[in-house]
Amino acid sequence: MDRIFIFLQYIVPQHLLSRLTGWLAELEHPLWLKNRVIGLFVRHFNVDMSEALEPDYQRYPSFNAFFTRALQDGARPIAEAPVVCPADGAISQLGDIVDGRIFQAKGQDYSCVELLAGDPEWAEKFADGSFATIYLSPRDYHRVHMPVAGRLLATSYVPGELFSVNGVTAANVERLFARNERLVCYFDTEFGPMAMILVGAMVVAGIETVWSGQVAPPPKLPVNVDYGQLPEQVSLAQGEEMGRFKLGSTVILLFPQGAVRWQEQYAAGTPTRLGEPLA
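Read in order, the letters of the sequence shown correspond to residues 15 to 293 in this note's numbering.
Derived from the structure by calculation, the hints contain no laboratory data.
Don't take every hint at face value.
[As the list claims (entries may be wrong)] Each computed EDC-like pair below joins lysine to aspartate or glutamate, with the alpha-carbon atoms no more than 20 Å apart:
(1) Lys234 to Glu175
(2) Lys139 to Asp16
(3) Lys234 to Glu222
(4) Lys234 to Glu135
(5) Lys139 to Asp113
(6) Lys139 to Glu128
(7) Lys139 to Glu204
(8) Lys234 to Asp110
(9) Lys120 to Asp16
(10) Lys139 to Asp110
(11) Lys139 to Glu222
(12) Lys120 to Asp110
(13) Lys120 to Glu40
Please model the complete structure; the sequences and the hints are all you need to start from.
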């Protein structure tokens, strides 16, 4: 079944399927169909609506509005820790960047340069540094928050494939996270530069940031923005929302050598919860 799942991802029109899903997820009518789909999703994935700002799933105008739902105040307290978890989900992998490469799964890795849109200067800043890959499952809260306070330096939108990012695909598709569509965000923090990479995936209808709105899809070409040259700076506090996924995906954090030490309780498969100590 795993081999069939991987094979199908290679042959289906990934972008067409994902864009169609995105269009359907924005529909507000007919109400009975919208409510039926959201209700089935809540029950199938055991979504906890009690912590949502609006706990009645039928009151969301569309599936995307439900999926990117806000939480009640205090649902995710931010710990007094140098680095906190940026999202609900689970650790896919974390550890050191070794010889410029990032561990993906058993027998799989990819280059930091390729992940960062082929930019060797930025990749050099994270040489021998640390990485953490966090997978957001369908049942999770899908807004991404700042693990540390930071000032936005630059972003790079990288068009690419739209493979699934679950554990099966990570173990079987080479260079998965360096192949998929993604948005790379660079921040200046008290620990030096930090990269946050929001990775797209199969049927992910969009990636948004709080400073520029929807980033993907489209465009179909790379887009680089130097926020150091803009008149208004973008600065975000620790725990503040920085972006969101319309349907689930993955966040990758990169820090320079010696900047952080991951908490010992985290390993592949460990659940993460927004705001809890990470490093």
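Verification of the supplied hints:
1. Lys234 to Glu175: Roughly 11 Å separates the two Cα atoms, so the pair holds.
2. Lys139 to Asp16: Not OK: Lys139 and Asp16 at ~37 Å, beyond 20 Å, violated.
3. Lys234 to Glu222: holds (16 Å)
4. Lys234 to Glu135: With a Cα-Cα distance of about 24 Å, the restraint between Lys234 and Glu135 is violated, given a limit of 20 Å.
5. Lys139 to Asp113: holds (13 Å)
6. Lys139 to Glu128: This hinted pair holds, its Cα atoms lying about 14 Å apart.
7. Lys139 to Glu204: holds (15 Å)
8. Lys234 to Asp110: This hinted pair is violated, its Cα atoms lying about 32 Å apart.
9. Lys120 to Asp16: holds (15 Å)
10. Lys139 to Asp110: holds (14 Å)
11. Lys139 to Glu222: Measuring from Cα to Cα gives roughly 26 Å; hence the hint is violated.
12. Lys120 to Asp110: holds (15 Å)
13. Lys120 to Glu40: violated (37 Å)
Going through the hint list in order, the structure does not satisfy hints 2, 4, 8, 11, 13.
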